[in-house]
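Chains P and U: place on chain A using the hints.
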Amino acid sequence: LSIIALLTDFGTSDWFTGETKGVLFGIAPNVHIVDITHQIAPGDIRSGAFALKASYKSFPLQTIFCVPIDPDTSGSCTAIAIQSDRYTFVGPDNGVLSWAVEDEHILSIVKLTDIRFFRNPLSMTFRGRDIFAPVAAHLSEGVSIKALGPILMGYKHLPVPVPHVTGDTVSGEILYIDRFGNIITNITKELLSKNSSFNFHSSGINQVLPLASTYDSVEQGKAMIYAGSTGFIEIGIHSGSAAKEFRIKCGDTVDFTAL
Amino acid sequence: LSIIALLTDFGTSDWFTGETKGVLFGIAPNVHIVDITHQIAPGDIRSGAFALKASYKSFPLQTIFCVPIDPDTSGSCTAIAIQSDRYTFVGPDNGVLSWAVEDEHILSIVKLTDIRFFRNPLSMTFRGRDIFAPVAAHLSEGVSIKALGPILMGYKHLPVPVPHVTGDTVSGEILYIDRFGNIITNITKELLSKNSSFNFHSSGINQVLPLASTYDSVEQGKAMIYAGSTGFIEIGIHSGSAAKEFRIKCGDTVDFTAL
Amino acid sequence: LSIIALLTDFGTSDWFTGETKGVLFGIAPNVHIVDITHQIAPGDIRSGAFALKASYKSFPLQTIFCVPIDPDTSGSCTAIAIQSDRYTFVGPDNGVLSWAVEDEHILSIVKLTDIRFFRNPLSMTFRGRDIFAPVAAHLSEGVSIKALGPILMGYKHLPVPVPHVTGDTVSGEILYIDRFGNIITNITKELLSKNSSFNFHSSGINQVLPLASTYDSVEQGKAMIYAGSTGFIEIGIHSGSAAKEFRIKCGDTVDFTAL
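Chain order of the listed sequences is A, P and U. Under our numbering, think of the first position of the first sequence as 211, with each following residue one higher. Under our numbering, think of the first position of the second sequence as 211, with each following residue one higher. Under our numbering, think of the first position of the third sequence as 211, with each following residue one higher.
Just chain A, same shape as in the assembly (with noise of 0.2 Å):
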């Protein structure tokens, strides 16, 4: 039984989502589809390339990834496919893969040029619809990656943000902002050592927080900093929003100093 995972940004308002899975079933009747998410920004290539690095090792082997995530929409940016020997990846060769392919093992990189695997007619605007899910429809149905165009050496690499020590200092920054407001780093909590507080910094901010574990090893309403699920360091709120409380946004710098 195959899976395909959607991780999109094009929304739940209109019909684009559903069309995409209407040309799914078309193709592989039997396929289960899950959604990520659909609501990454428009051409937001950094939060879909965390989205898919934060989750895609939570599905089961085999599973293909199918993340249109394209603001060019065209031929300037090449579509590829990715197989390593656990999962497959479709997607814009922008960089939004590149994340999570990173900490797998590659066996395949092709270019998707062979149409007889696209939509037809095929549109000059909806790369998602035409050419990335019926691309996944037809792995998941058996075609093997070989089939649908020729071998690359490589891809384009997002620049992953790299955390620092300095000291007793630790310095990264803001990679996610999820729906409670949790504050999601780019340091990984290797880095951070076991002390049980800390100075928070960032700009206009300084601030001791403590090391916890859970959001309700603080009182309701204050701040800690703890080892999300992600694996990243993150900071919190217990029952409350700490991007409203810090205004913090993504791409901001900080750093962490053990007291």
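Because the hints were derived from the structure by calculation, they are not lab data. A couple of the hints might just be wrong.
Stated by the list, open to error - Computed far set for chain P versus chain A, every beta-carbon distance over 10 Å:
{"id": "1", "residue": "248"}
{"id": "2", "residue": "353"}
{"id": "3", "residue": "389"}
{"id": "4", "residue": "460"}
Said to hold, decoys possible - Simulated pairs of lysine to aspartate or glutamate, EDC-like, Cα-Cα distance not exceeding 16 Å:
{"id": "5", "chain 1": "A", "residue 1": "267", "chain 2": "A", "residue 2": "303"}
{"id": "6", "chain 1": "A", "residue 1": "366", "chain 2": "A", "residue 2": "313"}
{"id": "7", "chain 1": "A", "residue 1": "404", "chain 2": "A", "residue 2": "378"}
{"id": "8", "chain 1": "A", "residue 1": "459", "chain 2": "A", "residue 2": "254"}
{"id": "9", "chain 1": "U", "residue 1": "432", "chain 2": "P", "residue 2": "282"}
{"id": "10", "chain 1": "A", "residue 1": "399", "chain 2": "A", "residue 2": "378"}
{"id": "11", "chain 1": "P", "residue 1": "432", "chain 2": "A", "residue 2": "282"}
{"id": "12", "chain 1": "A", "residue 1": "432", "chain 2": "A", "residue 2": "400"}
{"id": "13", "chain 1": "A", "residue 1": "432", "chain 2": "U", "residue 2": "282"}
The beta-carbon is built from N, C-alpha and C at its ideal position, and this holds for glycine as well.
Chains P and U alone, transformed into the frame defined by chain A:
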């Protein structure tokens, strides 16, 4: 294998859509359910009709479309099913099915009256859950459309705004604005000449725009005219929102003059 | 064939819901997953409890409801499963299951302790993905509820606001406001007499409303009282939002006096 595609104004914040799927699976345990969208504005028959027309042909043959966009919710609007040689449509007879169905070769139209195919008990205010969904599920299980109620000779047509050509000018109106701010007109691509640029005119707007094939045919932030994925002419901005830029809304009139 | 129905506060803009489905399919590859909603306000146990009570009976027998609305996210709130003669419910023991379960004939209540049925590794902040979803998936695969952990003798009840009848007046409170602006009270339809109109009173409101059966029993823009699809009395406006018109919110008290 059977597909039921749902297109509603139920939203996704309450339980209405999920509960409706519970009803569907209770009757048709092996059906695939596809959400086209649930975010049509409450009672917006015209947007629902357009979303159905724009998307339905991408679904596999024999798909059953269940479209309970039903501002009257009661006996004052007949509940109907329409079967063509390719698809089946279930919904209120208020025009929401009409823009799709008029492209189809219709075999049967019936009035839904046989309560054996309705939910029991039957509420007075939720025909989506209690009539349209159960009927769609019974159809997917093989019940004949003619078992559902008496044959009708016609269905309600929602007026289709017709574009006009006068010399070098094509006049039409705005049918839909999508998540990306792309403006979809009622002008089919065949009506526009092959000129490379047009004067775009609407209330307070008078601007020369290029006819492009893809968003990145123009610079980021620049507007263009193009044939959209629905087959209609659209106005869009590369990596931007044309609807915001031009402050245009559904129903506004537009014209394009070849230059 | 097995159904797992999800009712969460995960939202749909991040990957939380999709990732949870990846976990479910990894354990139960043939399950049908139904989203009731993911847009309960973060940690709003009362709205979650109402949405579950309002919807669960429309699902097929044996459906497993997974309801990780879990503001405490940690060991301070017991994780439980409750099996009735019709359904199974999985979630935190904070009352979110209680309004549905109190209508059921309960067979077993267990504390979820056996980590063989949890995700490995186990995060400290995402019990929906790591405990509730895997347990629901194992139940759908045939694991006995008694294998999950020790039997409990009870579960936490969320207080149910009780309506009061005094002479010709029924007093209650607002339980939920839906997408359409319909106001759902805690007053069951049996409590209201069959009079044709009532004086509706709430903070700053004193208005005579008809008791109607469907929205179009009154003119467009006019308000009415009716028995909603959940079995409770609602206040609605034909083609409008009663919540906006009356500026009413969840928890507000209301009374209706027969005229």
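These are the hints, each one checked on the structure:
no.	hint	verdict
1	248	8 Å, violated
2	353	21 Å, holds
3	389	4 Å, violated
4	460	13 Å, holds
5	267(A) <-> 303(A)	21 Å, violated
6	366(A) <-> 313(A)	15 Å, holds
7	404(A) <-> 378(A)	11 Å, holds
8	459(A) <-> 254(A)	14 Å, holds
9	432(U) <-> 282(P)	13 Å, holds
10	399(A) <-> 378(A)	15 Å, holds
11	432(P) <-> 282(A)	13 Å, holds
12	432(A) <-> 400(A)	24 Å, violated
13	432(A) <-> 282(U)	13 Å, holds
Comparing the model with each numbered hint stated earlier shows that hints 1, 3, 5, 12 do not hold.
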